[in-house]
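Protein chains in written order, with our numbering: chain A, 1 to 467; chain B, 1 to 467; chain C, 1 to 467.
Keep in mind that the hints were calculated from the coordinates and are not lab data. Using N, Cα and C, we set each Cβ at its ideal position, and we do this for glycine too. Please note: incorrect hints may appear among the correct ones.
Claimed, not checked - Pulled a few chain C residues facing chain B out of the computed Cβ check, cut under 10 Å: (1) Phe185; (2) Val329; (3) Tyr333; (4) Val376; (5) Ser436.
Said to hold, decoys possible - So the derived label-pair ranges between C-beta atoms look like this: (6) A:Ala459 with C:Arg313: 31 to 37 Å; (7) C:Pro348 with B:Asp138: 52 to 58 Å; (8) C:Arg186 with A:Gly8: 58 to 64 Å.
Below, each chain spelled out in residue letters.
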Amino acid sequence: MTSTRAQGRHALFPADPHAREIAEELYEHVREAPILSPHGHVDPAILAEDTPFSDPTELFITRDHYVTRLLHAGGAPLDALGLAPDQPAEPREVWRTLAANWHRFVGTASGYWIAQELESLFGVEDELSPETADRTYDRVASGLAEAAFRPRALFDRFGIEVLATTDDPLDDLARHDLLASDPSFRGRVLPTFRPDAYLDPETPGFAERVERLLAATAQETTFAGYLTALEARRAYFLQHGAVSADHGVYEPFTTDLDPARAQELFAAALGGSLDDAEARLFRGHMLFQMARMSAADGLVMTIHPGVRRNHHRPTFARFGADTGHDIPVRTEYTENLRPLLEAFGTAPGFHMVLFAVDEAVYSREVAPLAGFYPSVFIGAPWWFLDAPDAILRWRSAVTETAGFYRSSGFIDDTRAFLSIPARHDTARRVDAAFLSRLVTEGRVTLPTARRIARDLVDAIPREVFKL
Amino acid sequence: MTSTRAQGRHALFPADPHAREIAEELYEHVREAPILSPHGHVDPAILAEDTPFSDPTELFITRDHYVTRLLHAGGAPLDALGLAPDQPAEPREVWRTLAANWHRFVGTASGYWIAQELESLFGVEDELSPETADRTYDRVASGLAEAAFRPRALFDRFGIEVLATTDDPLDDLARHDLLASDPSFRGRVLPTFRPDAYLDPETPGFAERVERLLAATAQETTFAGYLTALEARRAYFLQHGAVSADHGVYEPFTTDLDPARAQELFAAALGGSLDDAEARLFRGHMLFQMARMSAADGLVMTIHPGVRRNHHRPTFARFGADTGHDIPVRTEYTENLRPLLEAFGTAPGFHMVLFAVDEAVYSREVAPLAGFYPSVFIGAPWWFLDAPDAILRWRSAVTETAGFYRSSGFIDDTRAFLSIPARHDTARRVDAAFLSRLVTEGRVTLPTARRIARDLVDAIPREVFKL
Amino acid sequence: MTSTRAQGRHALFPADPHAREIAEELYEHVREAPILSPHGHVDPAILAEDTPFSDPTELFITRDHYVTRLLHAGGAPLDALGLAPDQPAEPREVWRTLAANWHRFVGTASGYWIAQELESLFGVEDELSPETADRTYDRVASGLAEAAFRPRALFDRFGIEVLATTDDPLDDLARHDLLASDPSFRGRVLPTFRPDAYLDPETPGFAERVERLLAATAQETTFAGYLTALEARRAYFLQHGAVSADHGVYEPFTTDLDPARAQELFAAALGGSLDDAEARLFRGHMLFQMARMSAADGLVMTIHPGVRRNHHRPTFARFGADTGHDIPVRTEYTENLRPLLEAFGTAPGFHMVLFAVDEAVYSREVAPLAGFYPSVFIGAPWWFLDAPDAILRWRSAVTETAGFYRSSGFIDDTRAFLSIPARHDTARRVDAAFLSRLVTEGRVTLPTARRIARDLVDAIPREVFKL
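Full structure from sequences and hints, please.
Structure follows, in structure tokens:
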């Protein structure tokens, strides 16, 4: 990982000098370790084509809905930020909007990452403000024009060993193949099977999408054909390097249905005649089927539940998805996952990583499940919770029940390519801070803390994600 | 704000000497800033009439159900504390009960405030105990006899600039007018529109109350007339200085109904024939209507949801409301508020402050909502959570998602007039402590922390509450 | 309590030197105080018979499902750990499995206790590892052969004054009588009335069990007879020293039913014809009845709700209950307990201790309830939450609302006899750490902190559990 001085050598370490010293030692032990990024949303095209990033605004603002949402909350309409498909905004003006609203980002994870990126990658040490806006913009823009800031060069500079993308089941994965076969590119860019839109009958276009899936795999329009089609595409992903299948669901409800009932619901789903309860049953059975397939083919099953997507329909209608108004909801794992876990929870080689945006479940449900089921791993803090204090709360909540070795290792889950090292660096620093506290409290010896710090960025993600 | 030495110059600051020094500097920056109290329950009569406080017991105990509830839990019947309307208690005896039970208050927010008030206002440095009870009582009683302890003198001494009360929609606001027109009184005492009892058909006396409302505004007994009547009273409040409308609901459920259905439910509500589900629909629609009116007339909408009022009916029957057994329940915001936010969430000038007594919603629902909707602000910790550790947990939970500038600024929400400076001082100290941690962790620069500390007690509440 | 040097003199104390010094002083004040253990699962036979412990593996691993569950999660099948009734495992091999997986326990509560026990009782200072496995096993095994390691000797050495067991309502309590009448044994070993299996009609064997209960107490098969039978067995327990009745329920739902309806459900329960909703009503009414009986006979009512027992049915079928897959669920207290509390919440002498495995309820429901009802006490952190960080979170969550004197005092809730001193020592250290923070923050004076530290291990549990 690139050296990041960012907000100081002691950033995110505890205040107490002795604890800080231990944290620093542990962090130094992992600072330069290669980045394993087993889940994220970087577009593989930017690496396959290695085209230069266009401008600072697209890179830091427009593409990052963590950033645009907070500008929107502060009063900037999304079209003024360049999010309207039909109405471009002047990049420098949008950048000035960010600078004028920089105080809104202070204390947030996004603010911390952006400051770290500006400093470590572009040497910008001034805080963003109306006064520094243009100067910073120009500095970043001139940096981006250099060869050293082309995506592949950054990939190397960031020390990324593995980067997983997130892909449609019918994607031909040509860009992944291109990268894998290019001798000049040494990283591993792995596809991830993400079938949500093919599993939820309430997604717009569900029937057409399933028909395309069946056609692509030469299957009949039956539930059995549908399962075979999904299995075929999973196999295709596996052949092209995939290690996991990702599932973004409203709730992690699972249920096993007999084949006749499943066929009935499948037919009704294609016909658009399911009621709400039936649609829920169908989704719950398909999540169960995904576990069955993962237990069989070995793709690690990751579940990202508990988000009401596109909360503000008028914004969705005009600006589309991923525009900052996906809002978490209360989530239940213990009862919802019971059918799945009774069937596959102890299946050899089955791995399931449970992410959460509901902190109440950390100590109550996720850690106890991972503390018994060999298949269950505690997902690293996700989305809004992927931030220094939140990571620390998560470690505190899950470790006493399940230890360090049932956690998944950090995932950055980002579409903001430049933020990858800052995010991993944050996780490494916070884990060092957490471990240093356990050392000063006499709960872990220093040599063991060193081993754990290392395993958290290396052995653990390799095992959990079968890298 | 009056100088409060209370539990020491470093009270509530972190233990680490360096972090403590930063906290102290930040705190000194805001210690004397005027108090803005945009939500509370002080009776405007005490200021309008400026009558001396009667005795220490009424002031510190009887009027403060934070205090009586814990004495009750410790075994003191409420009638022995003077809460029975028909059975007065000897004030000095009640004070002795508090002193004998003082250990029960150690570590609580109430205990902290009372100790601070006794010291900063009355110079009492001894801890309360059976030995110090009478001495302290006498000291406070003799203080209260002085002119400097009359309500208006304290208002000045506390440095209060704005104090909002909470008022019935049919209140004539004469006491507010009197204060506003009195050239010798310089503070602003603002009414707040609190229509709960006119919106919930399950409140005892609902129909009669609505009839009074309609009569007072010369409206017909139709749903349209009812809305017009509410609008008219809101306008009256606005003319008399109100900046907000407050809503205490069991759940923040909202729904839009067509006018015919609303009329139907309204008629049934007056006739007392609504079933539970219909009553819920009616309440949900009225909360929706309140948002519509706030978007139109500009009154800031504050929502205080999630409390089962009067949990112990036998106590309610004998002692009335606000006697210490209002108990929080799990609360849901994301789905419940969706209809309201789809309709008004991006309406220009609409402000909605979401309070919570359910800590699980801070990072999961409230901060993400405020991180997108320009109308949504994160209410400061409320009720049981308005205490040093809880405030710190709240800042930690919401700031990484939404920053400092989506929070509401502190509200004291108190009917205990004397506790106002202690409560604001607590919030200022805790915010200084929180910011000092971010500074020592390299996440905020010191100059920016200074600006934020100041904005939290000044620019932010002024903007959120349109002061 | 035996002196435990364990992970260092400063274990679990804060890092800041000044706060640490205060914590140490407070801890020294209670370090040797007698252990009061008012709730746990130690088998009274081991004390009655005083037979030597068989081997290190049974003592530290096989009997402790906190330990076996995490080995299972790490890939060790339960039969390889010796849990299959029909398939013994070689103790030394199982011990080696623990040693090889020791890294999995680092940071967990179980890992902390085991390390403390190995050091303080057996003088083992090396961390467990494949290299130290055999050496440690031999050391423990040779220790166990000594008279000083017989259960009664340890009971004395641990400084246990009171130890409550958990017993079936039809138990004859002969072992408790034997201990009580033995002049050479000075401790108090008290039975606890645990009627779950007699109250939940969905427990396998419910009808037969109730018939046995009725036969044993010479009651007719009516609801009235059933209540009388339960009262009779409670009286028997009281006569044999019991101070409490314990209730492990899925949810703390309570309801009062009229006698005719109760009789109807009782008959259907015995006939096995209750549907799910009726079974829930019956359970809810029986929890209500248990409160009525506690209010009458004085047994302290403890409620341990919110756990889905035996989550993985295949494991339950093969290995039985208490094998590591009891998983918490979201729990609701405010509404569920309202009928019970309206009826008995202010009944003189009624004590009810509310435990929780759902941290969200601490500040939201349990502390507010205990802050009003004289009968309600806040149960100490339980099960997965009985660990240093979790205890600290709990104190932080409940104290500001309800103070220290509404909490129950620590319970160890353990079946691992050797872990009792380590668990109580952890609680004492963590409480000292918590108090030391309040002292350094100017919220509690040092003399008051000393009194509280002492009361937490002495006056408070004695009062709450009527010891």
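A quick look at each hint next to the structure:
1. Phe185: Violated, about 35 Å.
2. Val329: violated (13 Å)
3. Tyr333: holds (9 Å)
4. Val376: holds (8 Å)
5. Ser436: holds (9 Å)
6. A:Ala459 with C:Arg313: 31 to 37 Å: holds (33 Å)
7. C:Pro348 with B:Asp138: 52 to 58 Å: violated (34 Å)
8. C:Arg186 with A:Gly8: 58 to 64 Å: holds (60 Å)
Violated hints, in rising order: 1, 2 and 7; the structure is consistent with all others.
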